[in-house]
Amino acid sequence: MSKTTEQVRKSLKARYSSEKRFRAFGITAVAFGLLAVVVLFTDIISKGTSAFVETYIQLEINWDPEELGIDDPTDPDQINVADYDALIKAALRERFPEVEGRLDRRALYQLASSGAGFKLRDQLVANPDLLGTIQTQWILADDDVDIFIKADAEERQSKRLPEVARPWVEALERDGQTDIQWNASFFSHGDSREPEQAGVWAAVTGSFFTMIVTLVLAFPIGVAAAVYLEEFAPKNRFTDFIEVNINNLAAVPSIIFGLLGLAIFINLFGLPRSVPLVGGLVLTLMTLPTIIISARASIKSVPPSIREAALGMGASRMQMVMHHVLPLAMPGMLTGAIIGMAQALGETAPLLMIGMVAFIVDIPGGPLDASTVLPVQIYLWADSPEASFVALTSAAIMVLLAFLITMNTLAVLLRKRLERRW
Amino acid sequence: MQAGNLVLLLIALGAVFYFFGWRRSYAVSAPLGGVRHLHSLPGYYASLAAVWCVLPALALLGLWLIIDDTVIRTNLMASLPSAIQPANEVDYNLLLNQIRNVAGGALNPAFVPAEVVAAAEQLAAMQARNQQMMSIAFVSIAVLGGVWGWSRVQPRLRARQQVESVMKWMLMGSATVAILTTLGIVLSVLFESIRFFQKVSPMEFLFGLQWSPQIALRADQVGATGAFGAVPLFAGTLLISFIAMCVAVPVGLMSAIYLAEYAHRNVRAWAKPILEILAGVPTVVYGFFAALTVAPAIRGFGESMGLTVASESALAAGLVMGIMIIPFISSLADDVITAVPRAMRDGSLALGATQSETIKRVVIPAALPGIMGGILLAVSRAIGETMIVVMAAGLAANLTANPLEAVTTITVQIVTLLVGDQEFDSAKTLAAFALGLMLFIVTLGLNVIALKIVKKYREQYE
Chain A
8 MSKTTEQVRK SLKARYSSEK RFRAFGITAV AFGLLAVVVL FTDIISKGTS AFVETYIQLE
68 INWDPEELGI DDPTDPDQIN VADYDALIKA ALRERFPEVE GRLDRRALYQ LASSGAGFKL
128 RDQLVANPDL LGTIQTQWIL ADDDVDIFIK ADAEERQSKR LPEVARPWVE ALERDGQTDI
188 QWNASFFSHG DSREPEQAGV WAAVTGSFFT MIVTLVLAFP IGVAAAVYLE EFAPKNRFTD
248 FIEVNINNLA AVPSIIFGLL GLAIFINLFG LPRSVPLVGG LVLTLMTLPT IIISARASIK
308 SVPPSIREAA LGMGASRMQM VMHHVLPLAM PGMLTGAIIG MAQALGETAP LLMIGMVAFI
368 VDIPGGPLDA STVLPVQIYL WADSPEASFV ALTSAAIMVL LAFLITMNTL AVLLRKRLER
428 RW
Chain B
32 MQAGNLVLLL IALGAVFYFF GWRRSYAVSA PLGGVRHLHS LPGYYASLAA VWCVLPALAL
92 LGLWLIIDDT VIRTNLMASL PSAIQPANEV DYNLLLNQIR NVAGGALNPA FVPAEVVAAA
152 EQLAAMQARN QQMMSIAFVS IAVLGGVWGW SRVQPRLRAR QQVESVMKWM LMGSATVAIL
212 TTLGIVLSVL FESIRFFQKV SPMEFLFGLQ WSPQIALRAD QVGATGAFGA VPLFAGTLLI
272 SFIAMCVAVP VGLMSAIYLA EYAHRNVRAW AKPILEILAG VPTVVYGFFA ALTVAPAIRG
332 FGESMGLTVA SESALAAGLV MGIMIIPFIS SLADDVITAV PRAMRDGSLA LGATQSETIK
392 RVVIPAALPG IMGGILLAVS RAIGETMIVV MAAGLAANLT ANPLEAVTTI TVQIVTLLVG
452 DQEFDSAKTL AAFALGLMLF IVTLGLNVIA LKIVKKYREQ YE
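Which chain is which? The protein sequence lines are A and B, in order.
My numbering puts the last residue of the first sequence at 429; the count rises by one with no breaks.
My numbering puts the last residue of the second sequence at 493; the count rises by one with no breaks.
Chain A with its partners taken away, still in its complex shape:
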């Protein structure tokens, strides 16, 4: 054996173990990344699922006209302004006759949600015959009660429900007078200071209008720009300058687009604040580079033979592009557009700049109504101090992620379905 071979053989053990270490590092890195995905999703899901249901308590509602302050049941004004909270308060006193003293009474009244009265009003408006009857009703509970009911025995100690109210809630629970039902208001209401009444619907519609504006502007402009750059642009400095601009815009932080929107659209053009139209404009500028880059890639993938055949048959350049290149490149362009839209849907920072952080209770009716969007709603709820908002925020995140996953799956399916290999 030569000296070198000897030397190599001696070092082999160290080299092999270093090889193993390197491999282990790699596996650790991949595992860390996968773990991050798992932890992120389980965290959100475990926090958020409880917000999809909410607690109701069963009370004997006595539709007493006197308590309501209605003396003429045919008068719609009286029915509208009647004191429905009084009915709930009376029912609670009825259920817990032993509770006395002003402070305890107040704690008792707070078992029911402050919005429960409106539901009773809607019932009475729909069915005036209820007046004077006694009915067993499920009344929406306050969020403190809701959290308390949903928690298990150990966790209950740390919840916010006042000490005096705990026996009452436990009594209700023992008698089967609490129930956990599907939280329909989460999908139909706007924002609210009361967690049990807050919903994402206003934010979802706001997001919808913003996305419509973005799609209507960004897709045609992006495709047109890509067609120009790929098919018509002469190779000169102007074209190079456009390309440099597009590449740089793709990497500009999104908050800068917010500054642009604030300075140009709102302060210079005088467009209103907090409306989906301006949000859509800002997001259009932000997603354009993404859409242009992916559209160019799919135009490039159309083989030159098709262009040459079209030109050979006497088509003009514009006819060649419009009749042959664009239809063939369309699936790729659509995929890129959907991915760009998904990015825009999750974007928050630029929308904060143009005032879409408003507290929106009403469902917006069009792109010129003040509104907020889903990610901003998440941001607002995440800042709220009440514990119930944590669950609500996670639930809103789940809704947002569901939209994003749907859009991305759609993009993948579209690509698989329509993609052609040349």
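These are computed hints drawn from the structure, not numbers from a lab.
Heads up, a few of these hints could be off.
[To be verified] Covered by chain B, per the in silico footprint, the following chain A stretches (three or more residues, Cβ under 8 Å):
(1) 39–48
(2) 233–239
(3) 293–305
(4) 382–391
(5) 405–419
Glycine included, every Cβ here is placed at the ideal spot set by N, Cα and C.
Please build the complex by placing chain B on the supplied structure of chain A, with the hints as guidance.
For chain B alone, kept in the frame of chain A given last:
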């Protein structure tokens, strides 16, 4: 009529002229013996008529909307009686707002002088007249244009070329939107920054160590002198970005190497898309995760070790930001690693190197420029990232290198300065634009360098 309705009407008019253009192209070709004697297909003649109807009218509408406000305002203010003529610019804006609010019904006319009420009525009348004139001008231009386009339909007219050149100009216009956006960003940020630097000297902004952007309402207010030294913000941004890079670079790079060089095809097919999910999660979700899960966890862990950890520590924000950037680095690194030619690996392996030695001594050095470019892009991402730091990092501008303390960043300050009520002239609001300018310059510089490196590297192996 409102501008939106006018546009809808215009679409209808365009369709009408398209139809008539189509009809006329058939009519003029009939005596010649059919459409084949026309220069272009009938659709082009029809489109030309529609274009003549739509484009001039749209241009008019745009111009009108840009200037009408200014014209109304100057006329209105000039016609005011001298008793309430404003003395300076502030009074001018105040009075104008008052008149507008009265005219819009937001302000009760009983609370303002009679002259203002009269002016408001005049404003309302002017606006109504303006609407009317705009509608009439718009519709007549559209119809005249359409008729002109329609009357030009002749067998010899080169309609296709004309329509195509219009289309080409529109395509080019779309492409210039990118330039206009850059220009808009630069101008809006630069313009406001210059106004800021007139109030606060650039030296103080760039090198000052104190950041407290509150402007005193009263002279004797405590701690409200308004200091605009941005160094603590730069330091905080760098600290958080540095922590993020410490997480993202090793993890991203090693997972790219493992998936590209070692992993079985099936593992790669599963692990890569799952890692890329991280790139698709909105940043606001990461912010929530950082603020409500990671930060308390780090705090609890730190306190069990006897350390004092701020509840909004830089570490939590940086860690989560690092997780966000992992897929960004790993996919860029994957691209450059797979671009290294097979022959280089084979050569090294044939000489007896182990696989890890090949990677460390041959593949990585060959891919290094590309990897560096990717890392620079990731740094610019980290610096510009907003929502994670807004939700998980603090507001207090501490100048510290301790990752367990709360720091604030450029983006956090931009958001806090601009969200909520703001007067547009105060140094506080303008400071946000100066910060935006810094952010834009730094990220732009990083991107330009990174793209150059990546491009140069690509040319090497292609």
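Evaluated hints:
Counting residues of the segment 39–48 of chain A whose CB falls under 8 Å from any CB of chain B gives 6; the rule of at least 3 is met. Coverage of the segment 233–239 of chain A by chain B holds. Counting CB-CB distances below 8 Å, 4 residues qualify, and the rule asks for three or more. Coverage of the segment 293–305 of chain A by chain B holds in this model, with 3 residues showing a Cβ closer than 8 Å to a Cβ of that chain against a need of three. Under the rule that three or more residues need a Cβ within less than 8 Å of chain B, the assignment of the segment 382–391 of chain A holds, with 6 such residues.
Taking a C-beta to C-beta cut-off of 8 Å, the segment 405–419 of chain A contributes 4 residues in contact with chain B, enough for the three needed, and the coverage statement holds.
In the structure shown, no violation is registered for any of the earlier numbered hints.
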